[in-house]
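Go ahead and model the full structure; you've got the sequences and the hints to work with.
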Amino acid sequence: AQSVTQPDIHITVSEGASLELRCNYSYGATPYLFWYVQSPGQGLQLLLKYFSGDTLVQGIKGFEAEFKRSQSSFNLRKPSVHWSDAAEYFCAVGPPNAGGTSYGKLTFGQGTILTVHP
Amino acid sequence: GAVVSQHPSRVICKSGTSVKIECRSLDFQATTMFWYRQFPKKSLMLMATSNEGSKATYEQGVEKDKFLINHASLTLSTLTVTSAHPEDSSFYICSARRQGGYTEAFFGQGTRLTVV
Chain A
1 AQSVTQPDIH ITVSEGASLE LRCNYSYGAT PYLFWYVQSP GQGLQLLLKY
51 FSGDTLVQGI KGFEAEFKRS QSSFNLRKPS VHWSDAAEYF CAVGPPNAGG
101 TSYGKLTFGQ GTILTVHP
Chain B
1001 GAVVSQHPSR VICKSGTSVK IECRSLDFQA TTMFWYRQFP KKSLMLMATS
1051 NEGSKATYEQ GVEKDKFLIN HASLTLSTLT VTSAHPEDSS FYICSARRQG
1101 GYTEAFFGQG TRLTVV
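Protein sequence lines correspond, in order, to chains A and B.
Under the working numbering, residues 1 to 118 are what the first sequence spells out, in order.
Under the working numbering, residues 1001 to 1116 are what the second sequence spells out, in order.
Hints listed in this document are in silico derivations from the structure and should not be mistaken for laboratory results.
Derived pair list, reagent style DSSO-like, types lysine-lysine, alpha-carbon separation capped at 30 Å: (1) A:105 to B:1064; (2) B:1064 to B:1014; (3) B:1064 to B:1041; (4) B:1042 to A:105; (5) B:1020 to B:1042; (6) B:1014 to B:1042; (7) B:1041 to A:68; (8) B:1020 to A:105; (9) A:61 to A:49; (10) B:1041 to A:105; (11) A:61 to B:1041; (12) B:1042 to A:49; (13) B:1066 to B:1041.
As structure tokens, this is what we get:
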């Protein structure tokens, strides 16, 4: 069965510092990979996604993620964190078959809460 | 863009009553919608997959008689929590997959259900 692990439940960084949020997955094949952000009481906003190709993916709000097949990882990074980045971040995986009936069905990690100190 | 709207965003209901949550794709047709539940300080767990014109497929452990899902059109799926109890209080989020094409599923803003 597929699973997603975000080892860090809570991370605190200072504003302007760099950030890396870890994500490891277990899947039968290379899945589609996603990072979402959720502000308190809000829905999910897609930051970036990886389907294939270049393993370094650029997203919105200055975020990027790198897919490493050998490590089954898809870590999220940002070079300089802003106070508005404080939120909860979810890594998710989905089946890689376009058009398959389960396409779009995601398995989420536990989430990482990011706190930003001024 | 692809916009998915959920209604209501918040609802409080009395124990024993039923509550309906709507998930609409506003600018695209969605053959498939997914319903997730998020427990406090927990991740999102898939409850069911809703396919237009057919019965929903429920994940293991989800009571289909308690969480009724209807997907009567290509733009609307509803989740009805029947005979709600306080333990049903949660954040429910839907996502919709575009008909045809090749894109990710798009999420609604979620519904906070509180059963008192």
